[in-house]
Amino acid sequence: MRRPGDRDDRGLNFGWAELLYVVGVPAARGEGLDPRNPAGPQAGGLHLRIHQAQVEGAATNQLSGESVDFFGRSSNARYGEANPVAVPSLVMQGSVDTLFDLTEAVGNFDHVRDRAPARLVAFCSGHVSCPDSYADADDRAFLDAAILDWFARYLKGQDTDTGPPVSRSGSTSRCRASPRPSLVMTAVFLFALVMVTSRVAAQLSRPAVRRRLDGVTGVVFIGFGVRLCSAATVQAELAGVLGASSRCVVPSALPADVCTFLLHNLDARCEQCR
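Counted the way UniProt numbering counts, the sequence shown spans residues 1 to 274.
To be clear, the hints were calculated from the coordinates, so they are not data collected in a lab. We put the beta carbon where it would ideally sit given N, CA and C, even for glycine. Keep in mind that a hint or two might mislead.
[What the hints assert, rightly or not] Simulated restraints on C-beta separations: (1) Thr60 - Phe151: 40 to 46 Å; (2) Ala145 - Phe14: 36 to 42 Å; (3) Ala135 - Ala86: 23 to 29 Å; (4) Leu20 - Pro117: 31 to 37 Å; (5) Arg113 - Gln158: 18 to 24 Å; (6) Ala135 - Thr98: 20 to 26 Å; (7) Asn83 - Gly157: 33 to 39 Å.
All chains, full assembly: derive it from the sequences and hints.
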């Protein structure tokens, strides 16, 4: 398994990233403040590092080392080095999934199997549809049986056969080409891409923004709007939103060339603005 931070691991899954970001920003704001939230109202929205990674990926299709480190703390490849998983693990992964692909499943499988029993089962499903030509061989029953056998062996301690370490739903097949993408997911991706692109284009077309292009050092997110900005512009924008009495500075954790903010997340109580 490649380690996060290797150059090949820094590319962005752009279609899914844009879709989930567009959906996630308002959800984090609205649902987080909902008093019905089990943990109570949660203010603040998404972490600023997520917004920074979004800017990096949209601009270069690569993530910086700082962003990789941030996300790596939630990954077995990084977190698991200091906190290795050593419990029997059954990993099930859709073979046509484009959000979480087989590479990630294999990485988790490899991480566990050196320390504990592990099994990897790949099947035709996931966040995309199987090709029209795919014949379902009662996959759901096969997967359910694999789960029950695994529980019987490692939770109940029964002498149960859990199958081979790696399986593709108990069958073998060949194909000359990858399956065509689902029409539904293609439509969803295009909708998200058009939505984000139109927001960016609308902001960049504004005269006040165009005049700033010569002194660009970063990007400011305002809701879904995007503004190119200099550090001085960031200071002015924040002062305008928070009031002239607020003293706001660019957090030192953010690179100077990626000054990323969600202004509606910042007020006089935020750590960034005192």
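Going down the list of hints, with the structure as the test:
Range check, Thr60 to Phe151: Cβ separation about 45 Å, and the 40 to 46 Å hint holds. In this structure, Ala145 and Phe14 meet the distance hint of 36 to 42 Å, their C-beta atoms being roughly 37 Å apart. Here the CB-CB span from Ala135 to Ala86 is close to 39 Å, at odds with the stated 23 to 29 Å. The hint said 31 to 37 Å for the Cβ distance between Leu20 and Pro117, and at roughly 33 Å that hint holds.
Judged by the Cβ atoms, the range 18 to 24 Å given for Arg113 and Gln158 holds: they are separated by roughly 21 Å. In this structure the hint that Ala135 and Thr98 lie 20 to 26 Å apart at CB holds, the actual value being about 21 Å. Restraint check, Asn83 to Gly157: a C-beta distance of roughly 26 Å breaks the suggested window 33 to 39 Å.
When held up to the earlier numbered hints, the structure conflicts with 3 and 7 and fits the remainder.
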